[in-house]
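Protein chains: 2
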Amino acid sequence: MATRHFGQPVRRNEDPRLLTGRGTYVDDVHLPGMLHAAVLRSPHAHARIRRIDTRRAQALPGVHLVWTNQDLGPLAGPLPLLIPHPALRAKTQYALAPGIVRHVGEPVALVVAESRYLAEDALELIEVEYEPLPAVVDLEEAVRPGAPVIYPDLGDNIAAHYVQEVGNFQEAIRQAPHVLRARFSLERGAASPLETRGVVARFDPQDGSLTVWDSTQAPIPIRNGLAEMLGLPQQRVRVVAPDVGGGFGPKVMMFYPEEVLIPLAAMRLGRPVKWIEDRKEHFVATNHERLQIHDVEVGFDDEGRVLALQTVFLHDCGAFAAYGLIIPIVAECTLPGPYKIPNYRAEFKAVYTNKTQTSPYRGAGRPHGVFVMERVIKRIAEHLGLDPNEVRRRNFIQPGEFPYDVGLIYQDNAPLVYDSGNYPAVLEKCLEMIGYDRWPEVREQYRAEGRYVGLGVAFYVEGTGIGPYEGARVTVEPTGKVFVATGVGTQGQSHATTFAQIVADQLGVDPADVTVVTGDTALFGWGTGTFASRGAVVAGNACYNAAVKVREKALQVAAGLLEARPEDLELAGGMVRVKGAPQRAVSLGQVARAANPLRGTIPEEWEGPGLEASGYFAPPRGTFAAGCHAAIVEVDPETGMVRFLRYVVVHDCGRVINPLVLDGQIHGGVAQGIGGCFYERLVYDEHGQLLNASFMDYLLPTATEIPPIETAHIETPSPLNPLGIKGAGEAGVIPVPALFADAIEDALAPFGIRIDHMPIDPNWLAERIREARARVQEAR
Amino acid sequence: MATRHFGQPVRRNEDPRLLTGRGTYVDDVHLPGMLHAAVLRSPHAHARIRRIDTRRAQALPGVHLVWTNQDLGPLAGPLPLLIPHPALRAKTQYALAPGIVRHVGEPVALVVAESRYLAEDALELIEVEYEPLPAVVDLEEAVRPGAPVIYPDLGDNIAAHYVQEVGNFQEAIRQAPHVLRARFSLERGAASPLETRGVVARFDPQDGSLTVWDSTQAPIPIRNGLAEMLGLPQQRVRVVAPDVGGGFGPKVMMFYPEEVLIPLAAMRLGRPVKWIEDRKEHFVATNHERLQIHDVEVGFDDEGRVLALQTVFLHDCGAFAAYGLIIPIVAECTLPGPYKIPNYRAEFKAVYTNKTQTSPYRGAGRPHGVFVMERVIKRIAEHLGLDPNEVRRRNFIQPGEFPYDVGLIYQDNAPLVYDSGNYPAVLEKCLEMIGYDRWPEVREQYRAEGRYVGLGVAFYVEGTGIGPYEGARVTVEPTGKVFVATGVGTQGQSHATTFAQIVADQLGVDPADVTVVTGDTALFGWGTGTFASRGAVVAGNACYNAAVKVREKALQVAAGLLEARPEDLELAGGMVRVKGAPQRAVSLGQVARAANPLRGTIPEEWEGPGLEASGYFAPPRGTFAAGCHAAIVEVDPETGMVRFLRYVVVHDCGRVINPLVLDGQIHGGVAQGIGGCFYERLVYDEHGQLLNASFMDYLLPTATEIPPIETAHIETPSPLNPLGIKGAGEAGVIPVPALFADAIEDALAPFGIRIDHMPIDPNWLAERIREARARVQEAR
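Just so you know, the sequences run in chain order B and C.
With our numbering, you'll find the first sequence wraps up at 924, consecutive numbering, no jumps.
With our numbering, you'll find the second sequence wraps up at 924, consecutive numbering, no jumps.
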């Protein structure tokens, strides 16, 4: 494999455009004659709709359409279930709520008017009479007998009850020399992309074609679903995910109500319609994630080797479960991580509550699993008086043990088999970088200064790059410039650079001469989307496969032009040259032109005209990245404020395409992880009202809260794809809760404070420190 | 090959839409904010532009842009040469004329304004000072020494002088027992599609994409050329040839000035721009065809066997030759037709004149060749006192002699080799249908009644289905409906039906469930266009190749679903069934869905997701159709008016896809042929002014002028493509001038009138009859 650009810190192709304000986000789509939509949302977490009167809204001049559920015809029923599971009793939401609303923010009515201003005015003229019903808010309360039931036909609030087991946990725990029990939890949070959701739709009645601009992570499934729901051929529906200002998971949901309503309105009205979610809507109408409560029981031997582990946990679905059981399944499958756990049992209940629906958010259950496992490692170490890293070492899967079958079934329904890795190397590198050997003395120095400084470590294994497949088409134009179109969408992953590097190497051109277009179903219509750290692995290898075909074709055509054998040619600098006779050369553009003649014929062996090929990559199972984060934090014992003194990431995602891009992904993930540990928590009251639905109250970390991050990369290439790469998109965020808890516990070791849930905040921490000091006082 | 629908008179898929007025022609494209263009055209056939003052036009409120040549920047130079030839001294036209205009109607300035009305007003405010130059109008005058020269750098008006020879004409003519000489000519005519040309262009500055609606026969080359000329990537240019109201050849030109000017104006102005050619413009601004003057010398033996044939001819290019030498080369290559001519020499001069440019028009030189050859056959028969059909029989290539190498190089630069045919069968069938055996008595009866009734016969061989290639993509959607996209455009050829039949047979569905989309580069971007009777052959076989791949994929995927072997399955009625166990079945839609899963993976042997495949067909050379027309006409000796009493067509275009569609093609061709024989002639005065540039003066035949046409089909399948088909689009028109002349000569045999040029008209014919009668009077 040619690797002139692969692995290099190539600067981003997308930056000149984005940094000069030439990005196109959905709200930048301005169409002549465009109307604007606004959505009336439920103010209740759970209520019966007794009556809706839209007459006054409809009478408002400039209002073109007011819809409630009963106006939706065949689309009045529930929206599709995205990922079914045999254990799932699936309930999905409606485009507009029928008789019952089940969370605050659920769409009740749609208004389309000349302006958003007018549309919002019209919302206020819609009269809805609600009969409030008891709200199911608390996750543990929701499963107690006698709790109010959201879906009477289910009899209780349990969406799914699912068990996976490896070995025999009961037997093993009985025999284990040491047994510990604990409870761990992560609370509800939101991905909070800078760009909220948005949809613009245009219908052309003349050829019956629908174009939809959608800030989605999965334009192709949206296209396919819209075609099905709206009764249009797929070939007549074009979905464009233009520049998307952050996705992080919630934008891979399909369908959100507005993604159906806006196209339907455009079709009915014959005019383009735009809807842009405002931030307040986003907090209640875009999917959340994270709330899981894990009860854990672990058995281990005197050496700290884990013999048996069980997690029994609750997962909060919110009011619907269109995304199925992906998060809890990923959580339980991520939990064992780098460790050999011979007897492992995971049992969860996914639970409906009267809150916004949940679906994967960067990490997608992995932070939960890692939090539990790494906390357990710490507890074992404490119990045995061992260094936690020694416990890690003793439980690690060893480099010679790959492929390693964990024994579970993963989210893609494939066996959970790790392809490659070198966990000891990653750990030791990380410990070396953070200065672990010297840490006891350093810590003592800080303590001597009266400072509460702690060092934490967290290790994880991350499943990435699952199927089913992605594809790409690579085209060399007569100018010699290269175009790549792929089905994945882009929300900041630098695909326009990394895919360009992959293709440039095969075609002997500069990555700057390779234009990558993503997220436009008109340009490439086969694929699934950007999620699960799969873009680079699956679409990247599809780009590679397509580029290899184009390379072969270029050599074949150039061989005819240069009267040479293909194997005697080389591609470099935009030229095809005879090796050893550099004056015998043609430009790649000339080859492209020759491959597409206007007269004559083309040889059968070309299998078609032009320097163009499509390629696909369909992995039978995912590839597994791993990493270790270490941090040194300082806690202010008076305010509870935490400051990072150092943050080290050692990461193994196989072969690195572009270290600049990779570090950007890691940095962003760590930042989002820190937000989820210390700043971002969605707070509901007992009525199911979200109390902090604004950036005034729901805090995001900014550059000043995020420390410099030191990174290093170990490369254990994946044997599952030609590029040897593994996914990295979620890596940064995954171990942060575990790490943060570990470091703070170390810093506050004198107070004996345990961190078993996330996020925490300075107040909570300060309170714990005060309590601990009081205990010390009392003890005196 | 499955042939449930192939060969059947399937009703047209396009008719419900077109017959209910739901067609979309370029003028039906209405875009918000659209501006309108008008073109200032030269009133002189040849003049120097001394001065252009556009200030008053620019000052007119509502005018957005006034351009002359000097405003065009890099596009100020000549437009591209479409088909080069080593013998061609090519001159091509300019988007806007620079210092010199070279024919009446040549674009001089462009105005874009709020409305067409305003734009036309602005044209009148543009002041142009012309210095008239001597106009070169007459074709023979143009090549006389001392004639004015249009391009001083060439020294004369000769665009090309080209000779092809088989055997040794000089030697053979010297030894021939009989030698005749004659001169034949066809005059200038116009294709006159109901829809004139039109262009709408929209540029989106945000993603730099250009969409152009163009009434072209070749949207893909237009896309490629626009990308090159405008400096845009091909991937960012979309050309749509929507419904096109007739093409017939002139719409395969590229580029007409407006096809560059309108997109360029849309880019500069940032608003959509429309230009629709009016009929008066069409007469002078859209390419003409036909004027050729052939001097012929033929040597033959006592049996009427042709031993040597030479044609020395002039071809009228008009002012430019962007389309190269296709017409005269096709003419000389078509001339030998079904006859074995051992010594053949063709020599032509292509000549520039100050008239509208010429390019192929339905038949594209073939009517010229057939006219000459069939007239020669008649002359030989007369000379020897033989029946012309006996002369035909004696010279025919015999069914056992295929492939037959004529010995010339054809328009596609490939050797002129006929693939298959049975000319005697075609002739005998035609003679039987017209009642040739009984004709002498029938004619005598008419004459006895004082009626001038004649029977004519004309035979031709037509090269069709040349390369370089076409392609198609066939997709089965989850609904089970099938989509076909191909690169050719459609101007009435019924591709939506015939391609659907081809695909339906492979996939076991009804042709009505197959939607064919043509002429949209966004849906299929590889191909050449619709011309040279190649659509069905080249694109049809590409559809077949793609459908076969999809069929194989469907069987492969269904085999998995049905737990059967692919070879045990059959496709029919939209289902895939286990043969002999019809209850074991899945719908084609279910198979399509299974082929594109959202989770899991797809097997490597699928080579990609979905029931979709692209296929190409790239013939190394064309296939050769043939046919014989016979007609009985009656001439009114007083008025010269001619009436068809019968019209018989026996046609062999290989395997027939759809006899309804085929007959429609034949009928339309015959109608256009009759127009070219008796109604349609472009008349220029000595200054190069076209005197009959309106449908008041340039007459098109209507339904009342066209007789019922009886057709029969002989099928000699082509061995060159899997469907065994040959082209038929131009067949109807090709022999009509030869036939018409033959029949009229027969009808007017008592007057000894010879018809050696076309078109003629009633006045001319009445005059000849009067002269003949006068001669008879004199002789008395």
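Derived from the structure by calculation, the hints contain no laboratory data.
A portion of the hints provided could be inaccurate.
One copy or two, it doesn't matter: identical chains are merged, so the pair holds either way.
As the list claims (entries may be wrong) - Mimicking SDA-like on lysine to any residue, the simulated pairs with C-alpha atoms at most 20 Å apart in a straight line are:
1. K693 x W750
2. K723 x G352
3. K693 x E751
4. K693 x E526
5. K424 x A725
Note that this is a predicted model, so its numbers are computed, not measured.
Now the hints, each set against the structure:
1. K693 x W750: both (11 Å within a copy, 17 Å between copies)
2. K723 x G352: neither (53 Å within a copy, 38 Å between copies)
3. K693 x E751: both (11 Å within a copy, 13 Å between copies)
4. K693 x E526: Classified as neither; 56 Å inside a copy, 64 Å across copies.
5. K424 x A725: neither (66 Å within a copy, 59 Å between copies)
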